[in-house]
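Novice: Just so you know, the protein sequences line up as chains A and B, in that order. With the first letter of the first sequence counted as 1, position 177 gets the number 177 in the working numbering; the numbers rise by one all the way through. With the first letter of the second sequence counted as 1, position 3 gets the number 3 in the working numbering; the numbers rise by one all the way through.
Among these hints, one or two may not hold up.
Claimed, not checked - Just so you have them, the derived chain B footprint on chain A, three or more residues with Cβ under 8 angstroms:
#, segment
1, 145-158
2, 166-174
To be verified - Okay, the calculated beta carbon distance ranges per label pair:
#, chain 1, residue 1, chain 2, residue 2, range
3, B, R108, A, G21, 33 to 43 angstroms
4, A, S150, B, D160, 46 to 56 angstroms
5, B, G123, A, R104, 31 to 41 angstroms
It is worth saying that the hints were derived from the structure and are not from the lab. All values reported here derive from a predicted model rather than from experimental measurement. Backbone N, C-alpha and C define an ideal beta-carbon position, used for all residues, glycine too.
Residues per chain are reported as follows:
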Amino acid sequence: MIDLSLLPDGGMAWLEASGPGSHLVVSTRVRLARNLQRHRFTTRNEPAEREAILGEVELAAAATQGLGRAVRFRVDRLDLLDRQLLHERHLISRELAAPEATTRVRPGGGLLVQDQASVMVNEEDHLRLQSLRSGFALDAAWELVATLDSELGQRLAFAFHPEFGYLTSCPTNVGTGLRASVLVHLPGLVLTKEINKILQALTQVGLTFRGLYGEGSEVVGNLFQLSNQTTLGKSERELLEQLGKLVRQVMEHEERSRQILLRDATAILEDKVWRAYGLLRYARTLSFEETMNLLSGVRLGVGLGLIPNVGMYTLNKLLVFTQPAHLAAAQGRELAEEEVPVRRAAYVRRILDEEVGRRGPSASTQST
Amino acid sequence: MKCSNCGEREGIVSLTTIVEGDVRTSSLCAKCAEEKGIETGVGVSDTPLGGFLAALGESLDPDAPLSAALETRCAGCGSTLRDFRETGRVGCAECYRSFDAPLRELLRRLHGSTHHTGTRYTGVPSVPALAPPSSQRELRDQLRRAIEAEQFELAAELRDRLRETE
Chain A
1 MIDLSLLPDG
11 GMAWLEASGP
21 GSHLVVSTRV
31 RLARNLQRHR
41 FTTRNEPAER
51 EAILGEVELA
61 AAATQGLGRA
71 VRFRVDRLDL
81 LDRQLLHERH
91 LISRELAAPE
101 ATTRVRPGGG
111 LLVQDQASVM
121 VNEEDHLRLQ
131 SLRSGFALDA
141 AWELVATLDS
151 ELGQRLAFAF
161 HPEFGYLTSC
171 PTNVGTGLRA
181 SVLVHLPGLV
191 LTKEINKILQ
201 ALTQVGLTFR
211 GLYGEGSEVV
221 GNLFQLSNQT
231 TLGKSERELL
241 EQLGKLVRQV
251 MEHEERSRQI
261 LLRDATAILE
271 DKVWRAYGLL
281 RYARTLSFEE
291 TMNLLSGVRL
301 GVGLGLIPNV
311 GMYTLNKLLV
321 FTQPAHLAAA
331 QGRELAEEEV
341 PVRRAAYVRR
351 ILDEEVGRRG
361 PSASTQST
Chain B
1 MKCSNCGERE
11 GIVSLTTIVE
21 GDVRTSSLCA
31 KCAEEKGIET
41 GVGVSDTPLG
51 GFLAALGESL
61 DPDAPLSAAL
71 ETRCAGCGST
81 LRDFRETGRV
91 GCAECYRSFD
101 APLRELLRRL
111 HGSTHHTGTR
121 YTGVPSVPAL
131 APPSSQRELR
141 DQLRRAIEAE
151 QFELAAELRD
161 RLRETE
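Could you put the whole structure together from the sequences, leaning on the hints where they help?
Specialist: Right under this line is the structure:
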């Protein structure tokens, strides 16, 4: 098994809940898609060419400040469980991880990680530069990725068209190659049934939403990943500013919904968050989906100050550590399918126990 | 993403349902969406890539035989428009020149523009850029990293520069 402790913060600084707006926003990600001018794109090239690409990227990266000390992984040479672990930590995409036993692993897949920036090699594009930050931190994430892009661009000839900009394997990424996304928790909007209206409005102004694991993943636990839909015609700054502005509006709507719920449906809301807490604290089996939904309830309770003594960081960590590969890694072996929900429930109980300790989650300050 | 109903065809419609405050998104292919009676609104404007790919060929020169237009090969990688229609992925950077007209049209539909206004890439400087050697220690650091990465040409250059500063 790979040693994830080699990674700075285990690659999980984004879970710290230390960034701005952490009560609503889990994390912010900015990625840039880049390709090498002289090589065919991923769908058209052979394993030998991918090896060459990986070699060139690693060589160039070694000479940069941003990745000179990077921890490197040959993703295609990792075991299934290790690939799943990296995927669950949001360090590699589903496409690169091939997290099902039946999917073929892309030859030449690589990952370089340093601090809060990383590069995936031989994914859909030759390079996917990304930065993942805690909370709502578009500028910080962008600056890290932009610096890395400029450093690498000095050493690798990127595919660039005078009119279209950076060229990518899928035309949906052409231009800036930039996709910025903010993972935001919106239980208030879901409970007040405002969410559809909001999502529809966002789609009309060029934003898109996805689930916890990006493209193609389902929305679970009321966690929505909001990102820019288009990449061409606007500058990186404009794209980031537009996304930032809209996310702030969504956050305001969410806050308002929460206040309305708190004012008009106090008893129902309190019951909902405490039931979620109770189930997480005492259940003996938990499915992934149920865990996500219960965590959403507790997160809402913590955000509103209804549940004391539970930190956002703990809740964020539970998002990742209750997933199958992490549960298996904690046991040091593969888990039988029926064992997973049992291990998950045991893990959640232990973490919450440690968190609230003997103090117990003292009674709510809201008098009803 | 495959259609979550049949698991065979590519999903083109993203479906969001809310049941008792539980939000789920799934993806359906055109056929399954139709069978479920969901208004797909599959117009070019809704799913530009899917709609465009399906229509690709029809919009090309109506006098030219369709198959000929689809079989024209990119000088860079040998892929054809038919390959693009099947995979939705472009073969190489040169494809954007080989298939300029259809791809330009696609970019316009996808993004509402074909003019990149962001960072302009200036290429690799002819002389490999080294980080400015602010100190000997930094140069030594770079040298160590270059050797670790088996980047010997760079290492030799760094070694020479280190000598100059000594």
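Novice: For each hint, tell me whether it holds in the structure or not.
Specialist: We went through each hint and held it up to the structure:
{"no.": "1", "hint": "145-158", "in the structure": "holds (count 8)"}
{"no.": "2", "hint": "166-174", "in the structure": "holds (count 8)"}
{"no.": "3", "hint": "R108(B) <-> G21(A): 33 to 43 angstroms", "in the structure": "holds, 36 angstroms"}
{"no.": "4", "hint": "S150(A) <-> D160(B): 46 to 56 angstroms", "in the structure": "violated, 25 angstroms"}
{"no.": "5", "hint": "G123(B) <-> R104(A): 31 to 41 angstroms", "in the structure": "holds, 35 angstroms"}
Hint 4 from the earlier list is the only one contradicted by this structure; the remaining hints agree with it.
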